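Novice: One letter stands for each residue in the lines below.
2 protein chains.
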Amino acid sequence: MTQTIADRRDIDFVLFEQFEADSLIKSEKYADFTKKMLDMIITEARSFALKEFLPTYKEGDREGVRLENGAVTVPECYRRAHKLYQEGEWLALTQSPEYGGQGLPHVIAQAVFEYLIGSNYTLTMYGILACGSGKLIELYGSQKIKDLFLQNVYSGKWGGTMLLTEPQAGSDLGSITTQAVSNGDGTYSLKGNKIFISNGDQNLTENIIHPVLARIQGAPAGTRGISLFLVPKFWVNDDGSIGEFNHITCTGIEEKMGLHGSPTCSMSMGEKGLCRGYLLGEENKGMAGMFQMMNDVRLEVGTQSFAHASAAYLYAVDYATQRLQGRKLGDTDLNAPQVPIVHHPDVRRMLMSMKAYVEGMRSFTYYVALCFDKAACAETDAQKQHYTGLIDILTPVVKSYCSEKGFDVCVQAMQVFGGYGYTKDYPIEQILRDCKICSIYEGSNGIQAMDFLGRKLGMNNGQVFLSLSLEIEKTIAMAKTHDPLFTMAQKLGQAMETFKETALLIARLASSKNFDTAFLYAHPLMEVTGDLVMAWMLLWRATVAITRTADKKQASFYQGQIKSAEYFIHAMIPITLGKMESIKNCNDAAISIREDAFAG
Amino acid sequence: MTQTIADRRDIDFVLFEQFEADSLIKSEKYADFTKKMLDMIITEARSFALKEFLPTYKEGDREGVRLENGAVTVPECYRRAHKLYQEGEWLALTQSPEYGGQGLPHVIAQAVFEYLIGSNYTLTMYGILACGSGKLIELYGSQKIKDLFLQNVYSGKWGGTMLLTEPQAGSDLGSITTQAVSNGDGTYSLKGNKIFISNGDQNLTENIIHPVLARIQGAPAGTRGISLFLVPKFWVNDDGSIGEFNHITCTGIEEKMGLHGSPTCSMSMGEKGLCRGYLLGEENKGMAGMFQMMNDVRLEVGTQSFAHASAAYLYAVDYATQRLQGRKLGDTDLNAPQVPIVHHPDVRRMLMSMKAYVEGMRSFTYYVALCFDKAACAETDAQKQHYTGLIDILTPVVKSYCSEKGFDVCVQAMQVFGGYGYTKDYPIEQILRDCKICSIYEGSNGIQAMDFLGRKLGMNNGQVFLSLSLEIEKTIAMAKTHDPLFTMAQKLGQAMETFKETALLIARLASSKNFDTAFLYAHPLMEVTGDLVMAWMLLWRATVAITRTADKKQASFYQGQIKSAEYFIHAMIPITLGKMESIKNCNDAAISIREDAFAG
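These protein sequence lines are chains S and Z, in that order. Just so it is clear: in the first sequence, position 80 is 80 by our numbering, and no numbers are missing. Just so it is clear: in the second sequence, position 454 is 1054 by our numbering, and no numbers are missing.
Where hints are given, some of them may not hold.
What the hints assert, rightly or not - Only pairs whose alpha carbons sit at most 27 Å apart, straight line, appear in this in silico DSSO-like list of lysine-lysine:
#1 Lys424/S - Lys744/Z
#2 Lys146/S - Lys285/S
#3 Lys513/S - Lys928/Z
#4 Lys928/Z - Lys885/Z
#5 Lys1113/Z - Lys1100/Z
#6 Lys651/Z - Lys1100/Z
#7 Lys491/S - Lys1074/Z
#8 Lys683/Z - Lys651/Z
#9 Lys658/Z - Lys58/S
#10 Lys744/Z - Lys491/S
#11 Lys1184/Z - Lys584/S
#12 Lys513/S - Lys474/S
#13 Lys500/S - Lys513/S
#14 Lys1091/Z - Lys584/S
#15 Lys1100/Z - Lys584/S
#16 Lys885/Z - Lys328/S
It is worth saying that the hints were derived from the structure and are not from the lab. Computed from a predicted model, the values in this text were never measured in an experiment.
Generate the whole structure from the sequences, applying the supplied hints.
Specialist: See the structure below:
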């Protein structure tokens, strides 16, 4: 069967050959699962996504969302698919079974997400946001709040959002002005306006649960005075029944480049009546709460972009092996039949590049998810700290790197399709439009870069960075034991040395008076980190594959793993070394240039 | 006045300070112009573009084109703008005055195009395609054909197209099957179907003149049997009056990612009645004819992408200097006012990068245009050959490099806008969609790369490549005479040495039995060539600017020129060196991988 959306063979390889994820079921936390069950879940997810989500992808884009009389209507075809999504319990995959979650390992959930997102991201997003709201309730809600909301949110019966951004407070959340006033009964009255709220309103669920960042009267300025509230669209009575409208209203929806199946709403609270909410967690600690769930969200964005890329790549492979055009290079017989374009070197170059990036990103995103599981199953504090550290340092990288390289893969896929790729006859142009958001939302990549250089690189006196380096070097050492991989391992090892020097140089500069110049190179340094993680993942894959090439039936697959590593290390890592040279130059033209020189 | 779409100061700098384009008026060909006239033409073009074209940009995208009963309707607001475009004689800028052209130097026309394209490309395109058809008539038409068509085409009274592509013949034009049968009276009857025909039908002009590639019965297979015909939508009687419908029909229009203001048509010829055409040029020499005009078209595509980038950059600068968000890095006062985002290092990094690429591409595209003028004014055969050679070798580079880097600039501009950039509130998302076509059409960049490596690199025993290198080295030598530029000049000089080695290596490989591997690196080598041309152009600008920094009023502008060069040579050229390392590795994974390894 032709692979669509995601390559099942490669997913299995990552899960069970590279990461040996089935070993997780030895831990108590996942003891209820068997390897067979995990296989089955992925098989079912694939079948569900291809059968129910994928057919709605194009229509969702075409029909889009509508706002009429303050109510948002989603594409009609989403209603049935969302119902099945809910009934099939595909939403709260990793969440606690106590409140209706599936309790799956994160790394297994990645495979499910890959199929769902790749088939129809905006549809999947309704579930992702519901579960994101639920996560905040689970972390910060009182027992009463948990009992009132959690089951309905995790099941997808109620939707969820995140109300952070305001017109003057985008990346700068400290400037939030939405006000909360205590009602004295444990609830607060909220008043304010938010923008860019994904799924702020929709007609898929009977209620919507909004986590809201707001400022309690008299709170300190900046991020230290922000609290987190839970604001339902309809008030939920103590018996769990749905009460009156809570005066949180959608006042407008954005027209966007992509994601047409998901409304991006302007929301108004308390304008025409009381809008009540519960405080989640402590007063003025809202940002900390929000940040705790940000790691999940940022991995999800990386995964979104990667899943778009995975789908785009497979569409491109399919097209390149079918589309006949031109003769084989060097064939001078004008009457020779046309060949599939996969035979043309430049098309092969693009496919090879896409393959390496998609496989590398699959391993990368799954690895971060695996770290969540390993941290959760850790038997010692040191182990837990190790994996938490890896999550911390890799989160800005997985978000930003995958969002950019995933988009680049989509662009290359369009190029393989030629003129057809630019038309709506094929899904590539939509995938490309949908994918573009990833570098922007949930903390733009510039914010990720500041987090990476400003907080993560020096975390625990650089121990976290060191842990990451040691993990990479472990793989390099392993690869060196296989003769055919020796040169690659050596090259990556040398690149790692340069990387450590470069990171140290920039980290030091960031603590000097020339910190502005250091932050010019925050993004480039983060990108280089991503390159090296990719090379690491691909080399790791090669060390597994090389022991299995005798398996004749799967020789192409395993050989292909080694080729991906070869391509990346011999053709991409030299460019990464160039990027590090560039960083080490620390040229400050972008800082020292006068502002009025930017435009005549 | 705020700069919009294109930076007039920078245009003047390129034209009159870097290239001294006013010296062209010393030649007989352009003797009718004065410097003052040239200035005025650009001023008028700017004013016309901003006043009449720009206001139609968004509406053209939103309304799009419609096909009803075989007739295409363009966005209503285009009708007035197109009339003014025609009345203002903005179409045939460089064409011969004998047939209504303006006879302007190409390099001056670049400035006009930059404003028109940046304001509304699809509207400009109606004129560009009319003139493209006219060019073929001027080159290959009999006197009768010229008299019948040319004036009306160059004035924009009649539209034009190019009918090349068929479903099975995209990049592979040799597979064209459209048939032409002689009628014995100097005309031919055509029968066949074409796809992807820009502006194949529209309601802007009373007639449309279609150059068509077709095969005369009994012609040899492949590209050697293709002839070029001129097929009007309505037959033109010998007295110049419009006659009967000529049975060339639009049977469908594509839904596309962008360029919504321009119909991409499927065309059918001779299905329900006689479709007649004139042969242009000799039988079976149609491809040669088509290729002769391809240099113009490819420069235009590079210019299109660059103009999108130029507009996107200026929008981003404007936004970054207005949008308040966050505090200055290192400012710990939570009550400090928000600053414009241009103060944040990562935003500055993006603006600096966009500035360097936009300025480099402006010089690059204008330089290729200048080579057309220099070739036309050449006093000796050697001079003519020199400039024609530069056009030949730079054409695939200017098309592919600008199409890719121009798009990258648009992507960065969107990133500067954050979430707003993804919405239709700002023009960036449309510019990005419109720009994406450039790497694909008029010979996909893969085709450009084959042309570059397969034909241009070794042209005249490598003399053309040598000419280009010598031109670059001339600038390097000049820069070395200015102390502050010495290090930059030296670095670029070293990069040029590596470049020549790399190009030679790949050129040799292309003539060996491993030519497949060589062609894997055709695109990377072309990209590296583009990088070096950019560095050359920016260093050239710096050599001019450095002599003028004493001009206090313009100190920012001139200093900004030096900063662009610094940025590019210190921060980008190290990456180019990495790309050359990568090329020199000649890794063949993409060739040696088994085809079935591309997807599980």
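Novice: Next, verify each hint and record whether it holds.
Specialist: To see whether the hints hold, each was checked on the structure:
1. Our distance criterion of 27 Å between C-alpha atoms is broken by Lys424/S and Lys744/Z, whose separation comes to about 42 Å.
2. Between Lys146/S and Lys285/S, the direct Cα distance comes to roughly 19 Å. Compliance with the 27 Å bound is thereby established for this hinted pair.
3. Straight-line distance between C-alpha atoms of Lys513/S and Lys928/Z comes to about 14 Å, which keeps the hinted pair within the 27 Å bound.
4. Pair hint Lys928/Z plus Lys885/Z does not hold up; C-alpha atoms about 64 Å apart against a cutoff of 27 Å.
5. For the given pair, Lys1113/Z sits about 22 Å from Lys1100/Z by alpha-carbon distance, which is consistent with the 27 Å threshold.
6. Taking the CA atoms of Lys651/Z and Lys1100/Z, the gap is about 47 Å. The hint is violated against a cut of 27 Å.
7. Using a Cα cut-off of 27 Å, the hinted pair Lys491/S and Lys1074/Z is violated, with the two alpha carbons roughly 37 Å apart.
8. Straight-line distance between C-alpha atoms of Lys683/Z and Lys651/Z comes to about 14 Å, which keeps the hinted pair within the 27 Å bound.
9. With a C-alpha separation of about 24 Å, the suggested pairing of Lys658/Z with Lys58/S holds against the 27 Å cut-off.
10. In summary, the hint linking Lys744/Z to Lys491/S is not supported, as the alpha carbons are separated by about 68 Å, beyond the 27 Å threshold.
11. With a CA separation close to 23 Å, the supplied pair Lys1184/Z and Lys584/S stays within the 27 Å bound.
12. In summary, the hint linking Lys513/S to Lys474/S is not supported, as the alpha carbons are separated by about 36 Å, beyond the 27 Å threshold.
13. For a cut-off of 27 Å, the pair hint linking Lys500/S to Lys513/S stands: about 22 Å separates their Cα positions.
14. Among the hinted pairs, Lys1091/Z with Lys584/S is consistent with the structure: their alpha-carbon atoms are about 15 Å apart, no more than 27 Å.
15. For the hint linking Lys1100/Z to Lys584/S, the alpha-carbon distance of about 26 Å falls within 27 Å, and the restraint holds.
16. Between Lys885/Z and Lys328/S the CA atoms are separated by roughly 24 Å; this keeps the pair inside 27 Å, and the hint holds.
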